[in-house]
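**Student:** Same order as they appear, the protein sequences are chains A and B.
Numbered per the working numbering, the first sequence spans residues 1 to 127.
Numbered per the working numbering, the second sequence spans residues 1001 to 1219.
These are calculated hints, taken from the structure and not from any lab test.
For glycine and all other residues, C-beta sits at the position ideal for the given N, C-alpha and C.
A few of these clues could be false.
[Claimed, not checked] Listed next, the stretches of chain B that the computed footprint assigns to chain A, with coverage defined by at least 3 CB atoms under 8 Å from CB atoms of chain A: (1) 1095–1106; (2) 1145–1158.
[Said to hold, decoys possible] Listing some non-contacts, in silico: residues in chain B with all C-beta distances to chain A over 12 Å: (3) E1038; (4) N1123; (5) A1141; (6) Q1168.
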Amino acid sequence: MTQTPGETWSVRIVVPDTSSLDAAGETVDLEVGEDETILAAARSEGVWLPGDCQQGWCTTCAARLVDGDLAHPNARRYYDEDREAGFVLPCTAKPRADTTLIVDQYDDFLEFRADHGRPPGSSKLDT
Amino acid sequence: MSDENEHGSGAVEPGDTSKRVGAEVIRERGVDPEELREKLIDAIGAEFTTYYYYTNLRMHLAGEEDYKEITEDARLEDRAHFELVVPRVYELEGSLPNDIRDFADRASCPDAEVPTPMDDSGNFDTSDLDVEDILEVLLEAERCAIRTWSEICDMTRGADPRTYDMAQRILNEEIDHEAWFIELLSKERDDEINPAGHFARGEPGDAPYSTNNRFNDSA
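Isolated chain A (complex conformation) (with noise of 0.2 Å):
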């Protein structure tokens, strides 16, 4: 599907049926538009998604891209090897394609992060 800038992606949301957030189990549909944030589009209709820092720094808002294409512009720790392994973070990821997500994978992204020597990863899981 091509669309012209500024216009809105179709991005699904799937909560796992494991997470401990209020929508686990479920799908969400939401469209966002190409500055926007999924972050920011999802909480703002109603649906809570991880993410503390929103600078694309802390990582608490993992998820993992199963199709699409999202950018991250404005993270501040966003890595390559990030990217070629289908991790992204929606407090700074914006659609340039209808995508679909799978969210709240932080301890996952840690475990990542720590195998490739990338922070916060072992700072975090050797305490």
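Could you slot chain B onto chain A? The hints should help.
**Tutor:** What follows is chain B alone, placed relative to chain A:
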């Protein structure tokens, strides 16, 4: 009261020093004290790194004495926030990381670095450093702190009044700080008057909300 259980208190046996009722009462109310403790360490990591980085930011507001003074208030109050919560980490059976690099890595907010590269001599290249760029770094650091302490308020509301009390005191001051830097950045960058409603602190870094339970009184 039975003779066998004169000082009984729930799941903690009388005289048992391996557990803390102060932590167990939080667990009984649905909050995992270990998860909370780790989040507190992340949050005060950000207060500590901000205290450090604001020192540098303040230094580079050369000639802007009013901006320096307000940045100094925020800097010292962030240190006060760190010191306010450190004892709570230990009460919840945690500790500060032994390696300060781990502490910085896990800080819940980004490094508030001076927004300019280093030059060939290893000093800051200040040739294109603007006051408004520094004010924007300060503003975004405060916004991150507001989000972080709001999360901790959410996590502890109705379950852990001691941590909630600390978090809401800190949140009050972080919201002050955001208002200060919105006012300054609005004027500096956009020539707009956007009042913070700011009254000067009595002393630098007075920390009017968070000061009365400070780790020590030297801040």
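**Student:** Of all the hints numbered above, which does this structure not satisfy? Sort the numbers upward.
**Tutor:** 3 and 5
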